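The lines below spell out each chain.
Number of protein chains: 2
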Amino acid sequence: MPQPSVPRKTLGRPPRISREQVVATARRIVAEDGVDRLTMRRLAAAIGSTPMALYHHVRNKEELLVLLLDDYAARTLRRPELPADPRERIVVSASAIHEALADCPWIVEVLTADDLMSTSALWFVEQIVDGLTECGLTPERAVHGYRAIWYYTAGEMVVRAAAARRRTDDDRATYRERVFTEIDPDELPRLAQVADRWASLTVDDTYLDGLRALVDGLLATR
Amino acid sequence: MPQPSVPRKTLGRPPRISREQVVATARRIVAEDGVDRLTMRRLAAAIGSTPMALYHHVRNKEELLVLLLDDYAARTLRRPELPADPRERIVVSASAIHEALADCPWIVEVLTADDLMSTSALWFVEQIVDGLTECGLTPERAVHGYRAIWYYTAGEMVVRAAAARRRTDDDRATYRERVFTEIDPDELPRLAQVADRWASLTVDDTYLDGLRALVDGLLATR
DNA sequence: TCAAGTTTTTATACACGTAAGAAAAATAGC
DNA sequence: GCTATTTTTCTTACGTGTATAAAAACTTGA
Chain X
78 MPQPSVPRKT LGRPPRISRE QVVATARRIV AEDGVDRLTM RRLAAAIGST
128 PMALYHHVRN KEELLVLLLD DYAARTLRRP ELPADPRERI VVSASAIHEA
178 LADCPWIVEV LTADDLMSTS ALWFVEQIVD GLTECGLTPE RAVHGYRAIW
228 YYTAGEMVVR AAAARRRTDD DRATYRERVF TEIDPDELPR LAQVADRWAS
278 LTVDDTYLDG LRALVDGLLA TR
Chain B
78 MPQPSVPRKT LGRPPRISRE QVVATARRIV AEDGVDRLTM RRLAAAIGST
128 PMALYHHVRN KEELLVLLLD DYAARTLRRP ELPADPRERI VVSASAIHEA
178 LADCPWIVEV LTADDLMSTS ALWFVEQIVD GLTECGLTPE RAVHGYRAIW
228 YYTAGEMVVR AAAARRRTDD DRATYRERVF TEIDPDELPR LAQVADRWAS
278 LTVDDTYLDG LRALVDGLLA TR
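Residue numbers (my numbering), protein chains in the order written: chain X, 78 to 299; chain B, 78 to 299.
If you're looking for bench data, these hints aren't it; they were derived computationally from the structure. Bear in mind the structure is a predicted one, so any value in this text is a computation, not a measurement. Ideal Cβ placement from N, Cα and C applies to all residues, glycine included. Mixed in with the good hints there might be a few duds.
Some but not every residue of chain B turned toward chain X, in silico, with C-beta under 10 Å [said to hold, decoys possible]:
| # | residue |
| --- | --- |
| 1 | THR87 |
| 2 | LEU88 |
| 3 | ILE124 |
| 4 | THR196 |
| 5 | ASP207 |
| 6 | THR210 |
| 7 | CYS212 |
| 8 | ALA219 |
| 9 | ILE226 |
| 10 | VAL235 |
| 11 | GLY294 |
Listed next, with one range per pair, are the computed distances between beta-carbon atoms [said to hold, decoys possible]:
| # | chain 1 | residue 1 | chain 2 | residue 2 | range |
| --- | --- | --- | --- | --- | --- |
| 12 | X | PRO182 | B | ASN137 | 14 to 24 Å |
| 13 | X | ASP273 | B | ASP162 | 51 to 61 Å |
| 14 | B | ALA101 | X | ARG156 | 46 to 56 Å |
| 15 | X | HIS133 | B | GLU217 | 32 to 42 Å |
| 16 | X | ARG244 | B | HIS133 | 43 to 53 Å |
| 17 | B | VAL280 | X | GLU139 | 18 to 28 Å |
| 18 | X | PRO157 | B | ARG242 | 24 to 34 Å |
| 19 | B | ALA240 | X | GLU165 | 24 to 34 Å |
| 20 | X | PRO128 | B | ARG242 | 43 to 53 Å |
| 21 | X | GLU97 | B | THR196 | 42 to 52 Å |
Build out the structure end to end from the sequences listed, making use of the hints.
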């Protein structure tokens, strides 16, 4: 009776924790206390193990974050109703990715580590490449176009996240503004003209405008 | 005779190191051994001081890297001959920044920390904003257009640097390819069509194409 | 039953960024 | 000369990611 019904065929010491468990616990910690509180030691403690044991299920912390991103994407990316017009389909698909990731600011640290290739995001990539193709681009140019859209999207998130972080740091927030107040109107007239409005212009959310411009440009036959 | 000719007017213990010295030494270390070898402890040793002494001249390591970026920009950004055509002026200015930064891959770590606001880069920003304005955009839209160009440019560098890093890590390089080999042609036909070429298409340098498309789109009156 | 092999877990240790506060080196007022 | 004040430097310590190697917990074959 006490003997295991299935005799176990796998070799070696049986694992006490699993990769799924590691990712799930990490997700919980991030949700509860923020990404800053996610340390390998804390994760190990929460899971009832030791820090180095995690490294048998996850290559390193960076991979853990990538897994967390994949997990998040699989969990929250919902396929929206797409318009029939291919150009609009591109815009809506890219915006959907952008919106999902922007809701999740800690992701940015991972973006620099990997582009978004989670299986659940591929559908959106397909829609973008398909839209570009349907508008007359060759498959090669469509892939390049998708990459341009991704560069723009990732860059927007990275730069804005950095700006937000800088605002939180506070005291140094005035430094960048100082650069602008010291502008010589003779040398840099355009910047001098908008210097006082720069901060507010920079805060504006113009992702969609820029995206539309980029897509228009990609589709324009030159 | 031995008494100091100038009696010193500044209060407190005289500094033994300067901010300039810190940045210069950091630059030397990065040039010689790479950015990975730039640690506060090593920098302190190279400068003949202690790690914590550095923190009186630099807020933290991130600020040190930003200063290093500013230093690099001031040192290497040369103002190119710009074409008369405003549209081309935009493209050339953005490309100049891109090229200068791409030559300096460690910069990417800083890009996420700060957008490029080194005084020496402002001239390029001016050229871009000016070009956009001359093409008929309002000052506000010109600034937004510049931001879009910067998002695209920064994103390109960040994503490509991450890809390069991933290739160096090697063994995991095959993982992303595996995602593509497992694509179901019925569900994702476009991606299946280019799956085998994806890796090579991704390596292509298409920065300039994407930049032109973006600028075209920004300038197109909708 | 026991030794060998395999996989997972644990213990120990290192270099890192940097917080906190003591110590040092100067000036200013008495 | 002496003390207070101000600025910079140094000492010590903490928590971090993770390398290395030993220990533990299994299966397999003799």
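Hint by hint, here is what the structure shows:
1. THR87: At 23 Å from the nearest chain X Cβ, THR87 of chain B fails the 10 Å test, so the hint is violated.
2. LEU88: violated, 23 Å
3. ILE124: violated, 24 Å
4. THR196: With a minimum Cβ separation of about 6 Å from chain X (threshold 10 Å), the hint on THR196 of chain B holds.
5. ASP207: holds, 5 Å
6. THR210: holds, 6 Å
7. CYS212: Since the shortest Cβ distance to chain X is 12 Å, the answer is violated.
8. ALA219: At about 7 Å, which falls below the 10 Å cut-off, the nearest Cβ of chain X leaves the hint on ALA219 of chain B intact, so it holds.
9. ILE226: Interface hint status for ILE226 of chain B: holds (9 Å vs cutoff 10 Å).
10. VAL235: The hint holds - VAL235 of chain B has a Cβ within 10 Å of chain X, the shortest such distance being about 5 Å.
11. GLY294: Hint on GLY294 of chain B: holds, closest Cβ of chain X at ~3 Å, below 10 Å.
12. X:PRO182 <-> B:ASN137: 14 to 24 Å: Holds, at about 21 Å.
13. X:ASP273 <-> B:ASP162: 51 to 61 Å: violated, 30 Å
14. B:ALA101 <-> X:ARG156: 46 to 56 Å: holds, 54 Å
15. X:HIS133 <-> B:GLU217: 32 to 42 Å: With a Cβ separation near 54 Å, HIS133 of chain X and GLU217 of chain B fall outside 32 to 42 Å, so the hint is violated.
16. X:ARG244 <-> B:HIS133: 43 to 53 Å: violated, 25 Å
17. B:VAL280 <-> X:GLU139: 18 to 28 Å: Check passed, 22 Å falls within 18 to 28 Å.
18. X:PRO157 <-> B:ARG242: 24 to 34 Å: holds, 33 Å
19. B:ALA240 <-> X:GLU165: 24 to 34 Å: For ALA240 of chain B and GLU165 of chain X the Cβ distance comes to about 30 Å; the hint holds.
20. X:PRO128 <-> B:ARG242: 43 to 53 Å: violated, 24 Å
21. X:GLU97 <-> B:THR196: 42 to 52 Å: Since GLU97 of chain X and THR196 of chain B have Cβ atoms about 51 Å apart, the given range 42 to 52 Å holds.
Hint compliance for this structure: hints 1, 2, 3, 7, 13, 15, 16 and 20 are broken, all remaining hints hold.
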